[in-house]
Every structure is written in C-alpha cells, then in structure tokens.
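Novice: Respectively, the protein sequence lines represent chains W and Z. Using our numbering, read the first sequence as starting at 8 and increasing by one per residue. Using our numbering, read the second sequence as starting at 8 and increasing by one per residue.
Each hint should be verified, as a subset may be incorrect.
Copies of the same chain are indistinguishable here, so a pair counts whether it falls within one copy or spans any two.
Dumping the calculated EDC-like pairs for lysine to aspartate or glutamate here, alpha-carbon to alpha-carbon at most 16 Å [as the list claims (entries may be wrong)]:
| id | residue 1 | residue 2 |
| --- | --- | --- |
| 1 | 313 | 358 |
| 2 | 313 | 213 |
| 3 | 159 | 94 |
None of these hints come from the bench; they were simulated from the model.
Number of protein chains: 2
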Amino acid sequence: MQQVNIRFTSSGYVVRIGSNLLPRVGQETRAIARSPRAAVITDAGVAAHYLDPLLASLRGAGLQAEAAVVPAGEASKSLTQAGELYDRLLRARLDRGSVVVALGGGVVTDLAGFVAATYMRGIAWVAVSTTLLGQVDASVGGKTAVDHPRCKNLIGAFHQPSLVLADVSTLATLPDEEFRTGLAEVVKHAVIRDAQLFGLLETRPDPILGRDPDALEDVVARNVKIKADVIMADPHESGLRRILNYGHTVGHALESAAIEGSGKLGGAPVTHGRAVALGMMAEARIALARGLIGSAPVERQRQVLKRFGLPVQLEASVDLERCLALMQHDKKALAGRLRFVLPEAIGAVRDVDDVAEDEIRQALLSLTSD
Amino acid sequence: MQQVNIRFTSSGYVVRIGSNLLPRVGQETRAIARSPRAAVITDAGVAAHYLDPLLASLRGAGLQAEAAVVPAGEASKSLTQAGELYDRLLRARLDRGSVVVALGGGVVTDLAGFVAATYMRGIAWVAVSTTLLGQVDASVGGKTAVDHPRCKNLIGAFHQPSLVLADVSTLATLPDEEFRTGLAEVVKHAVIRDAQLFGLLETRPDPILGRDPDALEDVVARNVKIKADVIMADPHESGLRRILNYGHTVGHALESAAIEGSGKLGGAPVTHGRAVALGMMAEARIALARGLIGSAPVERQRQVLKRFGLPVQLEASVDLERCLALMQHDKKALAGRLRFVLPEAIGAVRDVDDVAEDEIRQALLSLTSD
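Work out the full structure, taking the sequences as your base and the hints as a guide.
Specialist: This is the structure in structure tokens:
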C-alpha cells in the first residue's frame, strides 16, 4: 500500500462597524470582485428601505448588479429557495469571480451565504447586516445555512464572507421587538466574556435604547470583538465556541414549547430574543443553585435584561415538562450529553455536562414565581 | 467607523492506495469518528459488489452503520437527491461527530461529499473510490458537487475528505469502457506533469491493461501524487490547478456536441474518457500548429492513447461548428476568455488565452482526416 499526504493553509476578513456605510459597499465590493457581475440577495422588507441605494452604490462602482428579493421570514431559508437562487445567479451569469452581496438580517445572510458557499463551489460574498442581531451575531463567524423541514440550520456550510459591513444607520428602521432580540445577544456576550461591556449596559442603557449612532457603533464593535475572539480560537465550533450557547440550551426548548402552546413568552409573542433572555435567567439560576455563582451577579443580569425590555419572568401557561422533553429529545437525537454553559461571574462562564433534569425544572419553576 | 480583523489556519488528509483495503475501512473510519453513527452512500451498481463487506467492516469496528443506495448514473447528482440524503442522515441520527462513507465512482463521491460538506455545516467523510477515474481524479482534491439542470457541477463545495482509500482490487469488476475513461486521465496527468510516468505507460502498458494489482497500485499512486502536488499548490482552483483541464476545453464541447448528435465519438458511444482523449489530441494539434511542441511528442501521445483503446480519430458526423459554438457559449456565459492548456513537451504544459476559433477548427479537422 502507498499513501500520499495532503495539507493546506489559511484565510481572513474584516468587519467594519459604523454609520452610513451603505454608500461605500460598491467600492468595497468592486475591490473584492474578479469579474464585473454581482448579485444582491435581500428580502422584501429590507429591500423597501435599502435596496435602491445599495444597487446605486454597486452600479456607481462599475459593477453589473442584479437583485434577487426573497419573501421576508424564516420560510425563505429552504433548499427550494436556494435552488431558485442558483438559477437566478446562473441567469445573471455570475462566475467564480463574482460577488454575492447579502443585504438583511440573519435569515438573509444565512441563506445568501449558503448560496455563495455552494455556487460554483463557493464564490465571494459580502454581508451587509441590517439588524442588531445580525450585526452582533449572525454575520460574524461564517456560519451559513438553510433549514430542513424537521431541523433548523441542518443544511449549511462554514463560508467566511470577504467583508462584513455593520451599518448602524440601518438599525433606525428596525422594529422594537427585533432590536430587543439583538440586545438579548448583547447581554449574553457581556455575561460570558466582558464585565466592562456589562458595566456599560448597566450604567448607560439610555443612549443604546435611544439608538444613538455613536452608542450603537461602540456596542456593536465591542460585541463583534467578543464574537471574533471566540470564533478565531475555534472556527469550526469544536470547543470554545460552545460558550456562545449561553442561554440557548434552555432558550431553544422554551421557544419551541411556547410556539407549540400559547404563542406567548414572558407575556408577549415569542421571539428568539425573549426565549434567550429567559434561557439566560434559567441557566443562571441553575448555576446559582449549584453555588457556582452568587445571587448578586444573577440579579444584575436580571435588571439589565428588564431594562432592555426583555422578559425575566415565565408565565404558568408555558408547558415546562414539554420544554424538558424537547431538551432530552435534542440530547438523544444527537447521541450526546446535554451540555450547559453556566455563569461563574459576570464575564466568565463554564461548560458543564452533568446537569440533572430536576435542576432545570427547579430553575424554570423559580422563574414562574418571581 | 471601527473594524475587526478575522484570521484562520489549516488542515490535511491522507490518500491510501493498495489492494484489499475494504476490510480496513471500519477501523479507519472508527478512528476518525467522534460519534458511533456512520452512513454509507453508494449506488445500486457498486452496492451489489461491495456494500455488504463494507458494512461488515464498519459494524465490526463498532459503528452503527446504515446505507443509502442511490440509482447509478449522473442523474443522481441532483439537489433533489441531496435533499433526500439529508433526510436519511437525519433519520439515521448522524450528528456532527458522525462520518459519511462514500463508496463508488465520481458520481457517488461528488454527491456524498457534497452532502457531507453541507450536513450540519460539514461532517467528516471518507472516500472509498471504486473506479479508476475516481482513484486518479475525482476523489482527490476535495471538489464535491451536484448538477444544476443547465450546468454540471454548478452547486458544490470544497470539502476535503478525512481519508481517501483507493482500493485497486475493486477495479477488477470495472467495465472496460469505465476503465478506459480512467486511463484517459492517467495519460493526461503524464502529459501535463510527469515524463517518467508517460514512459511507463509507453513501455509497459500490458500489466496495466491486464489490471495487474501491483501495476495498478503503482499507476494510481503516481497519479495521486501528481494531482496532490497540483491541488496543494492551488487548493481553491485559482491558478496552477487549471493545468488539470488539459484536453477538457475541447473535450467537454466534443462530448456535448456528440451527445446532441449521433451519440458516437471515435466510433463508439460517447464517454467522458473518449471525449478527453480526442480533446487532448485536438489541443496537442493546436500546440503543434503554433510551434509550441514538435510532432514527435504529439505522435507519442497518439500512440499511447491508441494502445489504451482510446480514440484519436474523429468521425465526420460530429458537428464541429456546434462544438465551436459550445466553447464560445461557455466563454460568454462565464464572462471570460477561453483558456487552453497546451503541451510544450511530454511532462510540461503552458496556459494560454489567445487561441483563435480557426486554430481550434483546423485542429479538429486534422483529427477527421487522420
């Protein structure tokens, strides 16, 4: 028998955060492109506000830019929609040197990034992120995906964008509830990794809530740095990156259980941000009950979440046993132990895999009686 | 405005070439897996010969292995078939630590590699290659893909396998015409990069044609080394890797024109190998007419192709104008100049982009009057 060894090397990109970045997308994209054709993938909601200026910027830079507008909402993250987009890119004659520009929130960047990852075995893409959640989370890390009917994000690829633009000006038109969903991830980043950011959220929430551009630029940049540190240490999600799941083990199950039930969570319609806020509270209570963390930092987390309009109290109508069953199902489906990221202090977490079902139940119950 | 820079590092894998490697697939796969579940993706033709021993090897190594058998043939390289396979993997509860084992030729490794590249954003895969073309070409390089209805290999990803096993014993059951298709790529590798291999093909063709296991191991290993050198220097096909297209610029167009026409090429039903052999002859004649290469090496290439049962003469029934139009269409569709890899000697090629249509026409015409 004979054998041949095969080895490879590396890559990188830049995330820019600021106000009024849309007009420079054309020049930046032109610098990345190795062919004159580009395609913008966006959704109908975002297109109404930002598609025309973006196309003008691309065309002004000498690119032949066409737009593909998908319906707004998670349903567009499908293999069928991806199939239609391949067809659009082929008709627009995009080649290997062309660039896909994703304009929108996480649904659009996940979908467009996946299409860019798999069109002609991967072409360059630029993420122009227009939601707070996208700017602090979805657009950084190179995770792209579409959903399988029975499993969110099942079909995807790691495909780093060539450039990420987080234009905080676009947050001005973001609905309040979507803004809050982004804030839940901001609080998460602070708790897992950055006591100084947490202090800022605690002491100066008003400019953030008032969407002051300078305050948003500062907050988004700090969050991108936290996420960048974590993903650079663990680009393929095999270790450290797991800390980004803080609040999400319980949060995902709460989200599903509430959607199956009353459709409400913390007294309002379910959103990912509301579920994550309650997930963080539940996971902090598990840590508290174990003596991993004191009651003061847990209370500080609670106050910040409340200040940002996020729920910290769970209504009795949410079926906790169903929520526990969903977590167990995830565990069985994935042939592993259920892992939790638990806080030890503001700015520090620990990865544990021995949390008993009853500890989770008690933590959830404690949130219903607050 | 603020910015954050993001950077990453590297990876690698091994290709093993030898006889009777199937029984060791289980142990090798177990060593790669981080979970007890694995799935074999194969086609009905290959399954009849090799699926049972492969499953026995995987199960003997303690893996819970299930098989997904797709119909044999290029039609299985579709997004629809990929969609069905995601569903199979999810039902078999494959997780991020699981391994996909592709058992078959290029269609199977392209499809299974693409599914592995995109299931849960990429899980490990092992390529067990059972055709000569697969062993010397498709399974090395990490190119995975499915076809778009209007464009072969449009949808794909670069996803390196964790291990490639080229078991030359499986070539014993390969139909002659498929064996010849692999030989066309072997001759191509020799002409572009390895005069010593070319000398071996010229002076000792009988053990290869007789499928002597030692001769095949030697030939496959030499070809894997050539391809590995090229792809390591250019993993994402941005430069050197283009030399692997020798014979393919004309070959692809001839293949399509002949399929649209009589279905024959060089006096027998069209295969990729027959098209590539004629493509190499046409491209060598372009080089000869330009004075890039002498007539002696072109004649040596012709004799080796003939000895291996590959065509070197083109029937008048192939529509040469249609063939030229197909090449022009590719050029226009991809917004680039038509590039040719032309031989300068046995073992050395040059990349050129100024070949005029009439040079191609004359080269093709010369093959009809041989």
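Novice: Failing hints, ascending?
Specialist: 1
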